[in-house]
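K.L.:
Here are the chains, one letter per residue:
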Amino acid sequence: MKATITINQKLCKSCGICVAFCPKKVLGLQPGKKAEVVDPEACIACRMCQLRCPDFAIEVIKNV
Amino acid sequence: MYTWKDYVGYDRLPHIWCSGCGNGIIFNALGQALEKMQLPLEKVVIVSGSGCFAKIVNYPGVNTVKMLHGRVLSGATGIAMANPELTVFALMGDGDGTTIGGNHLIHAARRNINVTAILGNNYNYGMTGGQYSGTTPEGSITATSRYGLVEDGFDACKLVEAAGASYVARTTAYDVLELQKMIIEATEKPGFAFIDVLAACPTHYGRLNKMGTPAEQMLKIKEGTVPVAKAAKMSPEELKGKLLTGKLVDRNDREDYAVLYAKMAKEARGE
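Those protein sequence lines, which keep their order, are chains E and G. Sequential numbering of the first sequence, starting at 11, is according to our numbering. Sequential numbering of the second sequence, starting at 65, is according to our numbering.
Here are the computed lysine-lysine pairs in the BS3-like style, where the Cα-Cα straight-line distance is at most 27 Å:
no.: 1; chain 1: G; residue 1: Lys100; chain 2: E; residue 2: Lys12
no.: 2; chain 1: G; residue 1: Lys119; chain 2: E; residue 2: Lys20
no.: 3; chain 1: G; residue 1: Lys274; chain 2: E; residue 2: Lys43
no.: 4; chain 1: G; residue 1: Lys100; chain 2: G; residue 2: Lys245
Hint data in this document are derived by calculation from the structure and do not stem from the laboratory. Quick caveat: nothing in here was measured; it's all calculated off a predicted structure.
Whenever a hint applies, use it, and build me the whole structure from the sequences.
P.N.:
This is the structure:
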């Protein structure tokens, strides 16, 4: 895995921005639930989900 | 070494804004930009007024001041003049900055006060129920224009440019990396720096104008803009109704007000 993605369930407001803009479809969102990581292997550590999250709920830490 | 968590006040989250609100994205970019600049927490001041975006002062780990509605730049001017060592950010919404505080915006730019102003432009007064503001585009449905707005919104960047600001830029909440870069450039620029960020309001403006999910709304706002380099090759007909994005003004011919004032004070004392 290129990066470790943590989603803070308390901060996520299920807006779906991270899911819509992830270039590798790493994240997913079920109706009425919070965002979740569905395909961690596909992550390229671009951090766009973290930077576009309005709620500071996602943290992407690159694996060295 | 400070991290973005120190600047945004991570312990005080979650914030008050709605799901998918563009204000959160601007706050996120500000935190990331401050982390890159590594400014000491006690040397940064965030000033805001009233409205959705103004609620930002409740969270950061830096100094914050909340002003009356529209008086963001008056407060920021006072702080920048009293202590020129501070880095002052004036964060305002479109209602706060261009409509109710429009006069302060003109004169802060004219005086070239050393402040970084960020306009969270979501085309309406979100906190009071989605009434139209000075930047709402013609034909928009809002709480106070149910059959479409008959007047046209104005271009805040052109206004600030004409008034004499040193740095003027515009971007959208979609282009977060560009926004971070602009915040850093604007902060390092002496004199008045202004960034217009076009952001989504999924609860009021986006819902009434049937713009879809927050992500779809961000893309629609992005489609309504043209980068300056591309616009140079386009005809006026093609550019109708589009807003220019990118660095619009970057000039060094005017000194900032605090510097000029200090010079004058020195002269008056006969030094």
